[in-house]
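K.L.:
Throw the hints in and build the complete structure from the sequences for me.
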Amino acid sequence: MLPLLDLAHLLARRGVAVTVAVSSGNLPLLSPLLSKSPSIQPLSLPLSHPSLPPGLENAKDMAPTYFGILMLALASLHGPLLSWARAHPRPVCAVVSDISRPEGEGEGEGEGEDYLVPFPSIPNSPSYPLPKLSRLFRSYKEGDPLSESVRRNFLWNLESHGFVANSLEALEEAYLERPLDDLARKRVWAVGPLAAAAAEVGDAGAAMTAAGPARRGGGGGAGAERAVFVWAARGGTEVPEGFDKRVGGRGLVLRGWAPQVAILAHAAVGWFVTHCGWNSLVEAAAAGVAMLTWPMTADQHVNARLLVEEAGVALPACDGGLAAVPDPHELARTLAEAVRGERGRAVRDRAKELGRKAVEAVREGGSSYIALEEFIQELHNLNTK
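Taking the UniProt record's numbering, the leading residue of the sequence shown gets 1, the next gets one more, and so forth.
Bear in mind the hints are in silico, worked out from the structure with no lab data behind them. Note that CB positions come from ideal geometry on N, CA and C, so glycine has one too. Possibly wrong hints are sitting among the right ones.
Said to hold, decoys possible - In silico lysine to aspartate or glutamate, DMTMM-like type, Cα no more than 25 Å apart, as pairs:
1) 357 - 177
2) 141 - 159
3) 186 - 172
4) 141 - 299
5) 132 - 299
6) 385 - 159
7) 352 - 309
8) 36 - 373
9) 352 - 172
10) 352 - 364
11) 357 - 309
12) 357 - 374
13) 352 - 310
14) 36 - 364
15) 357 - 173
16) 186 - 159
17) 357 - 310
18) 186 - 374
19) 132 - 142
Stated by the list, open to error - The calculated label-pair distances, taken between Cβ atoms and stated as ranges, are:
20) 59 - 129: 20 to 28 Å
21) 117 - 378: 31 to 39 Å
22) 142 - 267: 51 to 59 Å
23) 151 - 17: 31 to 39 Å
24) 142 - 115: 18 to 26 Å
25) 59 - 152: 19 to 27 Å
26) 66 - 97: 16 to 24 Å
27) 128 - 187: 22 to 30 Å
28) 140 - 17: 35 to 43 Å
P.N.:
Printed below as a string of structure tokens:
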């Protein structure tokens, strides 16, 4: 959600009339955005589903069993949103929405491990083991409400006029130069890093937390290597008993929300252990911070490969999926290579160079700045048709 709010802020600062649609329970989350961009109008839409507990309207600390139900409830807002747009006195020229991708692992994990899925239309023709792709691509069940909702969402996305990406040429130039047939060769505007672009006009930070097995393996690895670290532990995380005392003076455990962008921008931060969620890796790239990849699900395995094999700004830390917990000693060796080894030094140098390019991209005249201006011009063109 944060990148979309950053985009809304940037559009509003350039004179675009912006309305942000949220469910009623999430409306308070817009307060920081509305305070710095008073021209943005909120649209509150009631969210409900017979199987959804009252008040559950986002995925924060949500039990996995409710994820599919929440996705169905959110999909039900499509009709009310279009009705509002058609009835609005000012014509709505575009709807900018997240490419919502319900993800899930578990059942079927590990099946077909030797089967490689090729992508010949993508530059360099990568292939991925089936389990390393989102289960979304192998879990479709005809007639299942969630599967059909996801399918409709993908078809709607393909019918979009174009795609706005929280990315930058320096990271994905080969893919941005050549629109894929799978995207119907639609225009892609790479306007990121959005957090960095918004910071140019006074934005705040984002957040990221460690989850699941990473909490245990990550803490052990950092402790064994005696690295100086910050560990973002989501509410309810079981931090090992006595861990705070054992690492006192060189380790900081942040329970709950953590200002990820601000932490990554600190000069003392040299590496970022990440699950490779797209927005987190873009924030790290913008800060010029090298990464240790720990992909688990969704698009994370694909993102990790981009970072390690193509951009060269990351080292692999773990690659076993949601249930994987790396051996603390192996993780400690990886940390040692990252902090003190020649390979780690080369990765850090490339990450710093990518960070410099990211800063240049969002400044006036940069590639992402120009892409945003071109996107806004396209909105004006659509509005005058």
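K.L.:
Each hint: holds or not?
P.N.:
Against the structure, the hints come out as follows:
1. 357 - 177: Given pair residue 357, residue 177 holds - Cα atoms ~17 Å apart, limit 25 Å.
2. 141 - 159: 23 Å, holds
3. 186 - 172: 16 Å, holds
4. 141 - 299: Roughly 20 Å between the alpha carbons, so the hint for residue 141 and residue 299 holds.
5. 132 - 299: Between residue 132 and residue 299 the Cα gap is close to 9 Å, so the pair holds against 25 Å.
6. 385 - 159: Roughly 18 Å separates the two Cα atoms, so the pair holds.
7. 352 - 309: With Cα atoms ~17 Å apart, residue 352 and residue 309 stay inside 25 Å; holds.
8. 36 - 373: This hinted pair holds, its Cα atoms lying about 21 Å apart.
9. 352 - 172: 16 Å, holds
10. 352 - 364: Holds, at roughly 21 Å.
11. 357 - 309: Given that 25 Å is the threshold and the Cα spacing comes to 19 Å, the pair holds.
12. 357 - 374: 20 Å, holds
13. 352 - 310: Given that 25 Å is the threshold and the Cα spacing comes to 15 Å, the pair holds.
14. 36 - 364: 21 Å, holds
15. 357 - 173: 12 Å, holds
16. 186 - 159: 9 Å, holds
17. 357 - 310: Holds: residue 357 and residue 310 sit about 16 Å apart, inside 25 Å.
18. 186 - 374: The given pair, whose Cα atoms are some 14 Å apart, holds under the 25 Å limit.
19. 132 - 142: 23 Å, holds
20. 59 - 129: 20 to 28 Å: 27 Å, holds
21. 117 - 378: 31 to 39 Å: 34 Å, holds
22. 142 - 267: 51 to 59 Å: At 54 Å between Cβs, range holds.
23. 151 - 17: 31 to 39 Å: This hint holds: roughly 33 Å between Cβ atoms.
24. 142 - 115: 18 to 26 Å: 22 Å Cβ-Cβ, so the 18 to 26 Å window holds.
25. 59 - 152: 19 to 27 Å: 20 Å, holds
26. 66 - 97: 16 to 24 Å: 22 Å, holds
27. 128 - 187: 22 to 30 Å: 26 Å, holds
28. 140 - 17: 35 to 43 Å: 38 Å, holds
Of the hints listed earlier, there is not a single one the structure fails to meet.
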